[in-house]
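Undergrad: Going down the list, the protein sequences come from chains A and B.
Counting in the numbering used here, the first sequence runs from 1 upward without gaps.
Counting in the numbering used here, the second sequence runs from 1 upward without gaps.
None of these hints come from the bench; they were simulated from the model.
Glycine included, C-beta positions come from ideal geometry on N, C-alpha and C.
Treat each hint with caution, since some may be false.
[Unchecked claim] Pairwise CB distance ranges (calculated):
| hint | chain 1 | residue 1 | chain 2 | residue 2 | range |
| --- | --- | --- | --- | --- | --- |
| 1 | A | Ser415 | B | Gly83 | 36 to 42 Å |
| 2 | B | Ser29 | A | Ala164 | 55 to 61 Å |
| 3 | A | Ala164 | B | Ser153 | 46 to 52 Å |
[Said to hold, decoys possible] PhoX-like mimics (lysine-lysine), calculated; alpha carbons at most 20 Å apart, straight line:
| hint | chain 1 | residue 1 | chain 2 | residue 2 |
| --- | --- | --- | --- | --- |
| 4 | B | Lys171 | B | Lys77 |
| 5 | B | Lys171 | B | Lys133 |
| 6 | B | Lys115 | B | Lys171 |
| 7 | B | Lys115 | A | Lys282 |
| 8 | A | Lys279 | B | Lys115 |
| 9 | B | Lys133 | B | Lys115 |
[As the list claims (entries may be wrong)] Facing chain B, from chain A, some residues (calculated, C-beta under 7 Å):
| hint | residue |
| --- | --- |
| 10 | Ala220 |
| 11 | Arg222 |
| 12 | Thr281 |
| 13 | Lys282 |
| 14 | Ala378 |
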Amino acid sequence: MTSDAETKPAAAAPLDRADTRVRHDTGISGAVRGFLDRVRSGDLGSLPVVVGLAIIWTVFQSLNPVFLSSNNLVNLLFDSSTVGVIALGIVCILMVGEIDLSVGSVSGFASALVGVLWVNNGWPVGIAILAALAAGAVIGVLYALLFNRLGMPSFVSTLAGLLAVLGLQLFILGSSGSINLPYGSPIVDLGQTLVMPPVVAYALVLAAGAATFTSGYRTAARRRAAGLTPPSLGGILARALIFTVALELVVYYLNEDRGVPWMFGLFVGLVAAMDYALKRTKWGRSMTAVGGNREAARRSGIDVRAIYTSAFVVCSTLAALGGVLSAIRLASASQQAGTGDVNLNAIAAAVIGGTSLFGGRGSAYSALLGIIVIQSIASGLTLLDLSSSLRYMITGGVLAVAVIVDSLARRSRVSHGRA
Amino acid sequence: MSNTLQGTPPAGDLVLSLRGICKQFGAVSALSDIDLDVHAGEVVALVGDNGAGKSTLVKVLAGVHQPTSGTMEFRGKPVTLAGPNDALALGIATVFQDLALCENLDVVANIFLGKELQPYALDEVAMEIRAWKLLNELSARIPSVREPIASLSGGQRQTVAIARSLLLEPKLIMLDEPTAALGVAQTAEVLNLIERVRERGLAVIMISHNMEDVRAVADRIVVLRLGRNNGIFYPDTSNQELVGAITGAADNAVSRRSGRRQAQQDLTEGARA
Chain A
1 MTSDAETKPA AAAPLDRADT RVRHDTGISG AVRGFLDRVR SGDLGSLPVV
51 VGLAIIWTVF QSLNPVFLSS NNLVNLLFDS STVGVIALGI VCILMVGEID
101 LSVGSVSGFA SALVGVLWVN NGWPVGIAIL AALAAGAVIG VLYALLFNRL
151 GMPSFVSTLA GLLAVLGLQL FILGSSGSIN LPYGSPIVDL GQTLVMPPVV
201 AYALVLAAGA ATFTSGYRTA ARRRAAGLTP PSLGGILARA LIFTVALELV
251 VYYLNEDRGV PWMFGLFVGL VAAMDYALKR TKWGRSMTAV GGNREAARRS
301 GIDVRAIYTS AFVVCSTLAA LGGVLSAIRL ASASQQAGTG DVNLNAIAAA
351 VIGGTSLFGG RGSAYSALLG IIVIQSIASG LTLLDLSSSL RYMITGGVLA
401 VAVIVDSLAR RSRVSHGRA
Chain B
1 MSNTLQGTPP AGDLVLSLRG ICKQFGAVSA LSDIDLDVHA GEVVALVGDN
51 GAGKSTLVKV LAGVHQPTSG TMEFRGKPVT LAGPNDALAL GIATVFQDLA
101 LCENLDVVAN IFLGKELQPY ALDEVAMEIR AWKLLNELSA RIPSVREPIA
151 SLSGGQRQTV AIARSLLLEP KLIMLDEPTA ALGVAQTAEV LNLIERVRER
201 GLAVIMISHN MEDVRAVADR IVVLRLGRNN GIFYPDTSNQ ELVGAITGAA
251 DNAVSRRSGR RQAQQDLTEG ARA
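Let the sequences and hints guide you as you build the complete structure.
TA: Okay, here's the thing in structure tokens:
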């Protein structure tokens, strides 16, 4: 009891600097030290992606100099957007520690639905797309019901869904097997050719950089006003500057060819929105909590079932949106849509990007980073004119490596006390 | 022996009053006919052997289980708890034995879990300040509230769990085995913490198997045995007597008599009608 007096913080110290046992890293050397500490303890963040991407790009560029050309990168961004949106949904479902194995089938079904409703039945395209998204949402609700009410593991229910929804897709496509979407309609242009005018692309990157800085600056100001230690302004400014300049350079390089696809812009917008939802809203906090400790979340008054339902619905709806995007990317809705490696690519992208298969850890940006890795491999292998047999094997190997890294990092985090 | 004389009646208002609470799981009667009174500013220790029904009783009070029969009065009004949120809304906070913390979230996120400020744009700064204030009120030693719970020690986790339960300014706080699995120094800190909570005028129900801890901090000791009340004791009761009541090994006329006398004493002095 005599220790009580000692633990009282000195009056001058900010609330969060009262404990003298903690080392507070400041400045650049501090930032570097903190980063190394985190990596050593298994808190890898995006490090594996960055390293992986560097390796993959070096290898493919040395094998085929076309790989890093503006033209190929623009194509890569077009292709990334479709599966990337599906991967974003996977991030959502992985956050709560569940899985959806049917995203490929759902995306294929959605693309078929758009084809049938729009081209065959003459519905307005907007309504057809909304109907496809709604179908995705309904499938998500169904999984949630099976999971919440019947206690069916999502692994099994979505595996059943994979087959059932694929069957639905084949059924509504009928004997024709494939529906061509009309070239020249604005929505197909979005998937095929529409790119941002250079000025717009530069301006958007600048706006994103400014937004990063102002939000960091505001937080710092509020923390200072509240008597907490603020992050250094120099650091915030430096980070925003590096971020902006790097992206402007990328945009410049892409503008050498066609430019930044609007579809990719849509994807990045969704990623940013999801990132905000996961990090800055009560919903996102609840998702992380349910993924980390379901029982703890339930006891703190979170409606765990509603959170699971939202995760399943968001995942399936985004899968449907990804399907619609891939339909307009290919200008067709076919029996092959959503089959093959779509499922695994989406899941692999989320995991490679750093979202844990074990729940409770992840970020929307992992979908963006991961899909660029996956798509780089696919694009590089296509450029090398390798058969799909080799492509599957290599992509499978990369996925295995990603999961191994995830498992090892998790073990290391546990032993270093970082969850 | 002389525990009837030492048992000063608690000064605070009656916060919680249970009468005839029964809970059945199928054919098993986990609780039968439980009576319990808790006053403000009082620490009531709930002791009993394994399977005595302590945890079930706490879960009933936390709204996790619904009693099969019996009445519950909270601050003079009859209440029913349909779920954990009802209990929280009334002002009954629970710190479970497993603490129910999310190891992947930091201290602030755990303290505010389910009660975040500004659901659509989390107010991290305000939450962090409130978290520090709560922890400082408890004179807690937490190195950083921005570290994940996984990096904290057992005692620190207990502190975070107690701080979280205080967030909603409850009237009654229940601690399930707060000192189990803690070292000597950490146990002392948690007991200090419980005393600070009592000084704030809260009613505290504490489950423990450790008679030392119970006697160190409790104002009254309620013994459960096989799902029934088995006497009310005071901190000066001999260990032998307590253990006898808990295990039923000394279940003879003498101990029954003393237990009965104790219960009667409590009834006349308590606020029961």
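Undergrad: Now tell me, hint by hint, if it's right for this structure.
TA: Each hint tested on the structure:
Evaluation of the 36 to 42 Å hint for Ser415/A and Gly83/B yields a pass: the beta carbon distance comes to about 37 Å. The hinted window of 55 to 61 Å between Ser29/B and Ala164/A is violated, with their beta carbons roughly 46 Å apart. Under the hint 46 to 52 Å, the C-beta atoms of Ala164/A and Ser153/B, about 49 Å apart, fit the expected range. The straight-line distance between the Cα atoms of Lys171/B and Lys77/B is roughly 14 Å, inside the 20 Å bound, and the hint therefore holds.
The hinted pair formed by Lys171/B and Lys133/B meets the criterion: a straight-line CA distance of about 19 Å does not exceed 20 Å. The straight-line distance between the Cα atoms of Lys115/B and Lys171/B is roughly 18 Å, inside the 20 Å bound, and the hint therefore holds. For the suggested pair Lys115/B and Lys282/A, the alpha carbons sit about 8 Å apart, so the restraint of at most 20 Å is met. Between the alpha carbons of Lys279/A and Lys115/B the distance comes to roughly 15 Å, so the proposed pair stays at or under 20 Å and holds.
A distance of roughly 17 Å separates the Cα atoms of Lys133/B and Lys115/B; the hinted pair therefore holds under the 20 Å criterion. Because the closest C-beta pair between Ala220/A and chain B is about 10 Å apart, greater than 7 Å, the hint is violated. Nearest Cβ of chain B to the Cβ of Arg222/A: about 5 Å, under the 7 Å cut. The hint holds. At its closest, the beta carbon of Thr281/A sits 6 Å from a beta carbon of chain B; the interface hint therefore holds under the 7 Å criterion.
The beta carbon of Lys282/A is positioned within 7 Å of a beta carbon in chain B (closest approach about 4 Å), and the interface hint is therefore held. The beta carbon of Ala378/A is not positioned within 7 Å of any beta carbon in chain B (closest approach about 32 Å), and the interface hint is therefore violated.
Hint violations for this structure: numbers 2, 10 and 14, all remaining hints satisfied.
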